[in-house]
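Chains as they are written, first to last, in our numbering: chain A, 3 to 513; chain B, 66 to 430; chain C, 5 to 307; chain D, 8 to 328.
There's no promise every hint is true.
Here are the simulated BS3-like pairs of lysine-lysine, each with C-alpha atoms no more than 27 Å apart in a straight line [to be verified]: (1) D/K326 to B/K263; (2) D/K326 to A/K72; (3) A/K72 to A/K60; (4) A/K13 to D/K257; (5) A/K245 to A/K228; (6) D/K326 to B/K200; (7) D/K326 to B/K71; (8) C/K152 to C/K240; (9) A/K26 to D/K326; (10) C/K145 to C/K222; (11) B/K71 to A/K408; (12) A/K265 to A/K245; (13) A/K408 to B/K200; (14) B/K71 to B/K263; (15) A/K60 to D/K326; (16) D/K257 to B/K263; (17) A/K26 to A/K252; (18) A/K499 to A/K60; (19) B/K200 to B/K299; (20) A/K121 to A/K72; (21) D/K326 to A/K408; (22) A/K252 to A/K228; (23) C/K152 to C/K222.
Since the hints were derived computationally from the structure, they do not count as laboratory data.
Listed below, chain by chain, are the residues.
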Amino acid sequence: MANEAPAIELKGISKAFGPVQANKDISIRVMPGTIHGIIGENGAGKSTLMSILYGFYKADAGEIFISGQKTTIPDSQAAIAAGIGMVFQHFKLVENFTVLENIVLGAEDGGLLRPSLAKARKTLEELEQEYDLKVDPDAIIEQIGVGAQQRVEILKALYRQANILILDEPTGVLTPAEADQLFRILGRLREEGKTIILITHKLREIMEITDTVSVMRRGEMTATVKTSETSPEELAELMVGRKVLLQVDKTPAQPGDVILDVKNLRVVDEMGVERLRSIDLQVRAGEILGIAGVAGNGQSELLEVLGGYMDATGEVRVNGTLMPLTGAGADGRSRRESGVSHVPEDRQREGLIMDFAAWENVAFGYHDDAAYNRGVLMDNSAVRADTEAKMERFDVRPPNPALAAKNFSGGNQQKIVLAREIERNPDLLLIGQPTRGVDIGAIEFIHQQIVALRDQGKAILLVSVELEEILSLSDRVAVMFDGQIMGERLPSQTDEKELGLLMAGVSGEAA
Amino acid sequence: MDVVPKWAEVTLIPIISLLLAAIFSAIVIIAIGEDPLNALKIMVQGAFGSTYGWGYTLYYATNFMFTGLAFAVAFHASLFNIGGEGQALLGGLGVALVCLLVPWPHWTIALLFAMIGGAAFGALWAAIPAWLQAKRGSHIVITTIMFNFIGAAVLNYMLVNVLKPKGSQDPATARFAEAVHLPTLHDILAPFGIAFSKSTPANVSLFIALAACVLVWLLIWRTRLGFEIRAFGKSQSAARYAGISGVRITMIAMLISGGLAGLMAINNVMGEAERLVLNPTEGAGFLGIAVALMGRSHPFGVFLAAILFGFLYQGGAELAFFTSIPREMIIVIQALVIMFTGALDNMVRMPLERIFLALRGKEVR
Amino acid sequence: DLGGKFDKSFNEAAFNGAKRWADETGGSFREIELQSEAQREQALRRFAEAGSNPVITMGFAMADPLSAVAADYPDTKFVAVDVTWLDAPNVRQIGFAEHEGSYLVGMLAAMASKSGTVGFIGGMDIPLIRHFGCGYAQGAKAVNPDVKIVANMTGTTPAAWNDPVKGSELTKAQMSQGADVVYAAAGGTGVGVLQTAADEGILSIGVDSNQNHLHPGKVLTSMLKRVDVAVYDAMKAGENVETGVFTLGLAEEGVGYALDENNAELITDEMKAAVDAAREKIIGGEIEVEAYYTNDSCSALDF
Amino acid sequence: MDFLTIIQILDSTIRLATPLLLACLAGFFSERAGIFDIGLEGKMLIAAMFSAAVAYVTGSVWLGLLAGAASSVALAALHGLASITFRGNQLISGVAINFLAAGMTVVIAQDWFQLGGRTPSLFGGARFEPIILPFAEAVADVPFLGPIYAELLSGHSILVYVTFLLVPGTWWVIYRTRFGLRLRAVGENPAAVDTAGVSVVGLRYAAVAICGVLCGIAGAYLATALQAGFVKDMTAGRGFIALAALIFAKWRPWPAMWSCLLFGLLQAIALRYQNLDLGVFTVPVQAMDVLPYVLTVIILAGFVGKAIPPRAGGVPYVKER
Ligand SMILES: Nc1ncnc2c1ncn2[C@@H]1O[C@H](COP(=O)(O)OP(=O)(O)OP(=O)(O)O)[C@@H](O)[C@H]1O
Ligand SMILES: Nc1ncnc2c1ncn2[C@@H]1O[C@H](COP(=O)(O)OP(=O)(O)OP(=O)(O)O)[C@@H](O)[C@H]1O
Ligand SMILES: [Mg+2]
Ligand SMILES: [Mg+2]
């Protein structure tokens, strides 16, 4: 193996976006038939580096060698020709196209569509057999789950006969089950002799599947080690530059009286499909109720109803007072007034306005607050000051209130949302996917904040597809499947396996 | 993450863009066998060379400020209100009715009510498309286009069949009473010992337009409502999460927008013509779109763009007086200005960015 | 007027009059085509201050600005075409009896029509145009009491003056209603009317200046409004042009119908005879052609 | 109203709908590729002027058509430069192009012909003559079908038939060819096209060019088929109506045809029945004049509902900032 040429070798890659040096003189070599992990904080430069390898961005300096040959990759076309495929962090699919159309796009043979599609359909079946990548070729992308969408991205790469596959934060949006399936697939691909680069924030995955791993910090490659010769703790330290607690340490909860009381909650969407079927649940002061479940089983709807912006029938009580579920009073603002804070699942679409400056985002939703206003006018300087304080306390980087939300990394974007919602010290905090796409340094911090809030005697409803997260944070775990609550467990008395079954719809008794 | 510093953004880029527009205009003028430098001299002289020129420049600018602001407000809510023309027409009707139906004792009171009338009619004309957009999802671009045509017909009907004085050949209302004539800049500045040309249409409305700029700025950047309008405009999904009602914002933004467009009438109808004629707006509503977009929907930008177009209008008129350059040449120049300052700005910005990057290349992290 | 020079009718006629004067006398004149309402007054002052004398204005829309400006320049003479209702000492106001001219072409239309249906296509729906239509209708009815008159306006926005496509469609629509002679008083839109009439083999009638040559043998005639003459005379008179109100009707040769080699074979002798007779009668006052303005309505045609 | 009248109204509908449909399809290609275009009006106008001018000078309508298309494509290229290459504001660029055309046409025409921005009237070979379909005369007297064929279908200029053939053509290109797939994709998510190794810029320029050609034909149809020459501003707002029709049709080819025909029909009716006499009172001409617009609004509010534009529409494609 030593004398064999590396599948990929990068030499002295540098890239700046305007003033930001995203990559500084980076060199790595990845051997064929191996899985190479890349970890690093948000904004460390991982995605940029890979985008350069895939010809999406052009490097300012540096050389690329593919299996020994020096290769210039001016655009994605060249990358594809060189046998490189990439699954981006934010998928690059045409939402209203079918799976098949997305796969042939750019790889059609001939001017006419029909033959290309027919051929693709055949190849697709073969690929499905080979790697059990199951997707309905005629499904519309926006109607299939993220897991399936990601399989489409992988199929896209394989359809283009990629030998080198790059995955940027592939499991960020997947359930454990889906993640395990993904890793089985990656395993197969490795056996086939394909080379894989895996960017992730989850050390468990690194340890589980990679052969070698590189660590990036502030645009530089700080270390490359054999996975077998390292430990999560060491990696975490390399990555963040300090010791990181990988487990949440929390005292047992002292539940107080009921804060959130939900009875027979139902939601029917405009297509007449039942999204929530008679949900009953309670959250007490000083406890965290975790809602586990595969994405798309009603968790989002539950949060939106409780958050006040989806119509529903049934009863929702906060501190004993009935919340309107339709018409006037059924909106985020009134909910906030009655002591409910909400960290939405999708920070980029709902939690933040990406074009707004950080300080505007901190005021967002609370812009009526007396503290932010002087008479009829808003007191922007007050908001800015408050934002600086919050950024300080939540250690948002860079701590610059004037910077637009879109220019913060995912982790820091999430911190801004949390700062806004937690600092209101609400009676009830609704929080969805708190650490999706966020680096471990930030995860540790966010988890601490959540627990701290609980210890102040607040009620917290946590929705996450990360079982690990659910288990480590929650005091009680409820599992949702197909708009229903399949069962409730105590973290101490259950495990990922049992929950996995519940999430798959195997009812509590059976499990 | 902007590379080009603010000062350059607001000075260098527009100036270079204008230069480019001027150069291309010159090429066209040469092509039709005229002398561009002379033309430029005439335009600048005519527009800024005398209080007389200023009077007209500011008069046109006033119109554009109103319609520009109107478009900008709606645009902040990501509503593309092409209906400024029709809303301004109806505003004219409102102003005319106010001025004709009541024997006003003094222009101040008349102006106050004329403003209410104009704004109300303009807002009304915007309200229907707004409601259709908010409630029925009918595309506001179509509905406002349609309402421009409908507004023109309404005005035509009112003038020809209702408001036209009997026996007059001119499809226009009677002249407004002396009492409601607005003081011109001449009247206003005289007390301060400033001799301003007597025969220009610029009038108090100018100051109302300026006030409107300030108020709109406050509204958009300093009030809760403005915050909500911008939030809704940037991300409807986020607005929904925050409990900002889309219907409410759509209606309010469009009402304000239509109201501002309608307000224009106090300048052209009450201030200048002092009666309501056919087609009193003469495309100011459409030009407002360009003015707003060029001004980046910021009141101050709108103000500058409005002055610029006031200059082009007045300078253009002078050009027509003193040369045989066809009047359509002015439209060409306007087009080039809009193109270069509004749409091709990156053509200037990109090279500048490279320069500035090179300058501060050292201090990159 | 905002219509613009070379509209092939009204403003162009004025321009030609001015040119004729310039060519003959070698004198010079300055002209401006307005593009905005505010410029009406502006232009008047500009010329007055520049010492132009007389200052000639075209179109009724100049009346209002004139009333404001004229007084400020007492020793400048103004000539206002299509304006008759101002009281200003230094303004020569020239009105045309368009209804009389229209009456004559109306007669010709009715006589030339085989179907007994004639058409009228106006530009923008304004009183002046109705005035044309009204005279036309009376003329047609005079020849053939039960003639059918199809009247249309092109539109209600200024675009109506420059929409030949709509002009064509209107012509076709009127043909389908039986019209076989169409009178166009619609500026640029008229170009489309005459064109379509020629293409479809029916007759058309031009307006203001002689448009017979546009489609030789296919334009029945043109209602002449001798703006050129008026302008020419005014310029000839120069500084000391006589002020006051002048209405140029048939008697003054201010209006009439065009007869030239292009339409010679279309106008039979008896048609000519009949029309000329009517002309005399109108001049003699035996025929009273009703003007639309008198009470904003028209007995012969309703709009 | 009698059968023949209906035929005549429909006949006029077709003539009025043709330029709308051409412009509408033009906008279709551009906007499906993610480039908003409110400059249809301007492109039609300049094409009308150049087609008429060149047809007059050369005496060949086909050369005229060519010139018209070329001029329109030139403006389209300018729009592309602004909105694709320099990622400018597509709306401003569109507005500018409308102004530019409105001014340029008159300035140039005046400079060439000294007719105040008109072009001389066209005769014979310099115009598109109506085409009489085979046996039109023969079957003309056949009851019902005869007139439909002879009056309604026959006797239009070649461009009309081409235009209506373009509808299935467009449908086929967009939904059945590789180019169509990529075009739709680039309008929905350019990043997907880019990462698939296809040039976003290339695709968008292609779309804009097609838009230019179609607008060119539309302008030429106005000036050399419907009319016999150019008159300033002769497009009279048809570009905007076409835009409305496009949105109305939710950016789909067949509905685009129907909505254009609807607009044409409404206009034809309005032209045919001014001053409708309802016995009690007569509807004023103004009311009939705006009928098409009023009905559009009503239909829009009543039946069409939300129209979702191509997702990437109007936003320049930027991957680095
Ligand atoms: N398109 C872009 N334009 C400008 N700057 C960018 C762009 N993409 C990334 N950057 C800058 O480059 C730096 C590295 O970004 P990159 O996406 O590579 O980080 P990352 O390691 O992928 O972060 P994450 O873990 O959140 O995915 C960021 O801090 C950002 O400031
Ligand atoms: N267009 C851009 N301009 C400036 N910075 C950008 C841009 N796109 C991404 N970035 C920065 O690059 C870094 C990584 O961004 P990336 O695209 O990987 O998503 P992200 O920020 O990691 O979000 P998530 O963590 O949810 O994936 C962040 O610092 C982000 O702010
Ligand atoms: Mg990344
Ligand atoms: Mg990330």
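Here's how the hints hold up against the structure:
Using a Cα cut-off of 27 Å, the hinted pair D/K326 and B/K263 is violated, with the two alpha carbons roughly 56 Å apart. Of the supplied pair hints, the one linking D/K326 and A/K72 holds, its CA atoms being roughly 26 Å apart against a limit of 27 Å. Of the pairs offered as hints, the one joining A/K72 and A/K60 holds, with about 16 Å between alpha carbons and a cut-off of 27 Å not exceeded. Between the alpha carbons of A/K13 and D/K257 the distance comes to roughly 50 Å, so the proposed pair goes past 27 Å and is violated.
A threshold of 27 Å between alpha carbons decides the hint, and for A/K245 with A/K228 the separation of about 20 Å falls inside it, so the pair holds. Using a Cα cut-off of 27 Å, the hinted pair D/K326 and B/K200 is violated, with the two alpha carbons roughly 36 Å apart. A distance of roughly 23 Å separates the Cα atoms of D/K326 and B/K71; the hinted pair therefore holds under the 27 Å criterion. Between C/K152 and C/K240 the CA atoms are separated by roughly 44 Å; this puts the pair beyond 27 Å, and the hint is violated.
Annotation: proposed proximity of A/K26 to D/K326 holds, straight-line Cα distance about 20 Å (limit 27 Å). With a C-alpha separation of about 23 Å, the suggested pair C/K145 and C/K222 falls inside the 27 Å cut-off, and the hint holds. Using a Cα cut-off of 27 Å, the hinted pair B/K71 and A/K408 holds, with the two alpha carbons roughly 20 Å apart. Using a Cα cut-off of 27 Å, the hinted pair A/K265 and A/K245 is violated, with the two alpha carbons roughly 44 Å apart.
This hinted pair does not check out: A/K408 and B/K200 have alpha carbons roughly 31 Å apart, beyond 27 Å. Pair hint B/K71 plus B/K263 does not hold up; C-alpha atoms about 40 Å apart against a cutoff of 27 Å. About 11 Å separates the Cα atoms of A/K60 and D/K326, which keeps this hinted pair within 27 Å; it holds. A hinted pair counts as satisfied when its Cα atoms are at most 27 Å apart, and D/K257 with B/K263 does not qualify at roughly 54 Å.
The hinted pair formed by A/K26 and A/K252 fails the criterion: a straight-line CA distance of about 40 Å is larger than 27 Å. A hinted pair counts as satisfied when its Cα atoms are at most 27 Å apart, and A/K499 with A/K60 does not qualify at roughly 45 Å. Distance check on the hinted pair: B/K200 and B/K299 sit about 20 Å apart at the alpha-carbon level, within 27 Å; holds. With a C-alpha separation of about 33 Å, the suggested pair A/K121 and A/K72 falls outside the 27 Å cut-off, and the hint is violated.
At most 27 Å may separate the alpha-carbon atoms for a hinted pair to count; D/K326 and A/K408 meet this at roughly 13 Å. A hinted pair counts as satisfied when its Cα atoms are at most 27 Å apart, and A/K252 with A/K228 does not qualify at roughly 33 Å. For a cut-off of 27 Å, the pair hint linking C/K152 to C/K222 stands: about 21 Å separates their Cα positions.
Hint check: violations occur at hints 1, 4, 6, 8, 12, 13, 14, 16, 17, 18, 20, 22; the rest are consistent with the structure.
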